[in-house]
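Q: Chain residues, written in single-letter form:
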Amino acid sequence: MIHSQKPYWPYLLAAPMAFSFPAWSQTAAAHDVDFTVDEAAMIRIVDANASPAGVMNFHVQAPAIPGQAFPSVASQSTYMQFTSVKGASPDNVRQVDVDLIGGSLPSGVQLTVSPSLNGTGTMGTGAPITFSASNGTGTLISGIQSAYTGDAPGDGVLLQYALNFATQNLDAASSGMITLRYTISNS
Amino acid sequence: MISLGTGGRLGALLLLLSWAARAQISVINGLAHFHPCGDPSLGEIVVANTLDSAVRVFLEVEHPVEHPHIAIPSEWILEAGQRAAIPYHWLDADSSSQAVRVWVYSTLPQARAEMGTWTVQTQIRYAISLFRGCLTTSPERDVRADWGNTLTWQMVGPDFWSAQVQAYGTLGEAIQAPFDLFLTPFGTSVSQPLPHGTSYVVARDSRGYQIGCKRP
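Keeping their order, the protein sequence lines are chains V and U.
All letters in the first sequence, in the order written, are residues 1047 to 1233 by my numbering.
All letters in the second sequence, in the order written, are residues 95 to 310 by my numbering.
Hints may be right or wrong, so weigh each one.
Simulated DEER-style distance windows between Cβ atoms [as the list claims (entries may be wrong)]:
#1 L136/U <-> S1153/V: 44 to 52 Å
#2 A174/U <-> T1185/V: 32 to 40 Å
#3 T1185/V <-> G281/U: 14 to 22 Å
#4 R309/U <-> G1154/V: 47 to 55 Å
#5 T231/U <-> A1198/V: 25 to 33 Å
#6 S1150/V <-> R235/U: 45 to 53 Å
#7 P310/U <-> A1212/V: 36 to 44 Å
#8 L185/U <-> N1095/V: 41 to 49 Å
#9 T1225/V <-> D240/U: 37 to 45 Å
#10 G266/U <-> T1225/V: 50 to 58 Å
#11 T231/U <-> N1164/V: 39 to 47 Å
#12 T1176/V <-> R177/U: 36 to 44 Å
#13 E156/U <-> A1173/V: 20 to 28 Å
#14 A1173/V <-> W197/U: 21 to 29 Å
Listing some non-contacts, in silico: residues in chain U with all C-beta distances to chain V over 12 Å [said to hold, decoys possible]:
#15 H157
#16 H163
#17 I164
#18 E173
#19 A174
#20 Q176
#21 H183
#22 D186
#23 S189
#24 G263
Just so you know, the hints here were simulated from the structure itself, not pulled from any lab data.
Just so you know, even glycine gets a beta-carbon here, dropped at the ideal spot from N, CA and C.
Here chain V stands alone, though its shape is the one from the complex:
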C-alpha cells in the first residue's frame, strides 16, 4: 500500500446536497442563488390502479376429481413505486429488504415475491425472495441510487406473488394474518 498526505482533489464529504453559485455583474447587485435537493427516499406499494389500497385473494381450491392434487393458483401482483435521490457516502446506495413479521406461513406453503424492475435511473438489481415456515427475510432490491418509477397505474417495480405448495403439506386448520414489512435502507 502506498500513501501520501498532500491535499488533493477536495470534494464534498457527507454534506447536504447544497450548492451556491455567486451571480454578479458590473451593473447589478451581487446575490447568491442557493438551491437544495432533497435526499429523498419515498416508497409505497400500490395495486394495478396505483391505489394504496388493494386486496389479493389466493384461492387454493380443491381438485375436481377425488384423487387429484390441489391445482396450483395463479400468481398475483402489486407495484412498488419509489423515488430515490442518493446523497454523498454513506447514503449513496440503497436497498429494499422484506421481512415476514407478525405471523408465519403454514408449514408446506411458500410465498415467493419476485421483482421486475421498471423505472428511470439506477434502479439496482432485484432478486426473488421465498418466504416459508423456515425463512422470513430477504433482500428484494439492492444497488438503488437516484431513480424513480413513476406513479401512474402500471408504473413501478412489478412484484409478483406466487403461492407454492404441495397438497400433502396443506393444513386447512392453518389460518391467520401475516405482515410483509418492506424496509428501505442505505446499503
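Given chain V's structure and the hints, the job is docking chain U onto it.
A: For chain U alone, kept in the frame of chain V given last:
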C-alpha cells in the same frame, strides 16, 4: 379453509392478501447521516406525510449496545401533507465513535383475519443510520485493503473514513467513475467491484489524505 362439504367434496383453502388503505410517509433528508466530531451534536430526520389524513410516525432506536447514544422523540404526529423535521441529539458529545439505527414507520392499520383465511398486510419502514465520530487522519495505518475478485476495505482503527476511490489502468488512466467509500470502525467491511483493467486504486478524502493500493 379446507372443509368437507356435502357429498364429500373438498372445499377451498382461501388465502387472503389484504392491502388496506394506509398512511404513507417519506424520508426526505437521507437515510444515513454522519456527524464529524467537533460539529454540533444535533441532527434531524425530515419526514413528510404524502396523504390527506394525519398519521402517527413511530421512531424506534436500535443501539448496538445497551447504552443509549441519542435522544429522539419516539412518536410524531404529521398532519395531512405536512413535512416535519424531527430533532435528535447525541448524548455523548465526545470524540468516541458511535452509531445507531433509527427505524421510522407509520401506524399499521387494524387488520382482521377471518376464519379460514390468511390475511397478509404490508408495512413500509425506513432505516436511518446515524454515525458520529472522528475521521481518521492516518488512513495508511487505519484502513486495510484486500484484493480478491473485489477490493475489500475495512477500517481497523477507531475512527471513520470517507473517501472516493478511483481505479486506474496500467498507463495511469482513470477507469470508470470514482467509488464512494465510507468505513466505520465497527468491524464491517465494504467490497468494491473493480472495473476490468484495473492496475491500482487511489482512495482520497476531502482533506487530502489518500492511500494507494496496487493489484498484487
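Q: A separate judgement is required for each hint: does it hold in the structure or not?
A: Consistency of the hints with the structure:
The hinted window of 44 to 52 Å between L136/U and S1153/V holds, with their beta carbons roughly 50 Å apart. Between A174/U and T1185/V the beta carbon distance is about 33 Å. The supplied range of 32 to 40 Å therefore holds. A C-beta distance of roughly 20 Å is found between T1185/V and G281/U, which places it inside the suggested range of 14 to 22 Å. At about 50 Å, the beta-carbon gap between R309/U and G1154/V stays in the expected band of 47 to 55 Å.
In this structure, T231/U and A1198/V break the distance hint of 25 to 33 Å, their C-beta atoms being roughly 50 Å apart. About 48 Å separates the C-beta atoms of S1150/V and R235/U, a value consistent with the hinted range of 45 to 53 Å. The beta-carbon spacing between P310/U and A1212/V, approximately 50 Å, falls outside the hinted interval of 36 to 44 Å. Take L185/U and N1095/V: their Cβ atoms lie about 47 Å apart, and the range 41 to 49 Å holds.
Our hint of 37 to 45 Å for T1225/V and D240/U holds, since their Cβ atoms are close to 40 Å apart. Between G266/U and T1225/V the CB atoms are about 54 Å apart, so this pair conforms to the stated range of 50 to 58 Å. For the pair T231/U and N1164/V, the supplied restraint of 39 to 47 Å holds, since their beta-carbon distance comes to about 45 Å. One distance hint, 36 to 44 Å for the beta-carbon pair T1176/V and R177/U, holds here, with the actual separation near 38 Å.
Range check, E156/U to A1173/V: about 25 Å between beta-carbon atoms, so the 20 to 28 Å window is met. At about 23 Å, the beta-carbon gap between A1173/V and W197/U stays in the expected band of 21 to 29 Å. The beta carbon of H157/U sits about 16 Å from the closest Cβ of chain V, which is more than 12 Å, so the claim that it is off the interface holds. Under the 12 Å C-beta cut-off, the non-interface status given to H163/U relative to chain V holds; the minimum distance is some 17 Å.
The claim that I164/U is not at the interface with chain V holds, since no C-beta of that chain comes within 12 Å of its own (minimum 17 Å). For E173/U, the requirement that its beta carbon stay farther than 12 Å from each beta carbon of chain V is met, with the minimum near 18 Å. Every Cβ of chain V is farther than 12 Å from the Cβ of A174/U; the closest lies at roughly 14 Å, confirming the non-interface assignment. Listed as a non-interface residue, Q176/U keeps its Cβ farther than 12 Å from every Cβ of chain V; the least gap is roughly 15 Å.
Every CB of chain V lies more than 12 Å from the CB of H183/U, the least distance being 18 Å, so the non-interface label holds. Taking the minimum C-beta to C-beta distance to chain V, about 20 Å, the non-interface status of D186/U holds against the 12 Å cut. Every beta carbon of chain V lies more than 12 Å from that of S189/U, the smallest distance being close to 17 Å; the non-interface claim holds. With 12 Å as the threshold on Cβ separation, the claim that G263/U sits away from chain V holds: the shortest Cβ distance comes to roughly 17 Å.
In summary, the numbered hints that this structure violates are 5, 7.
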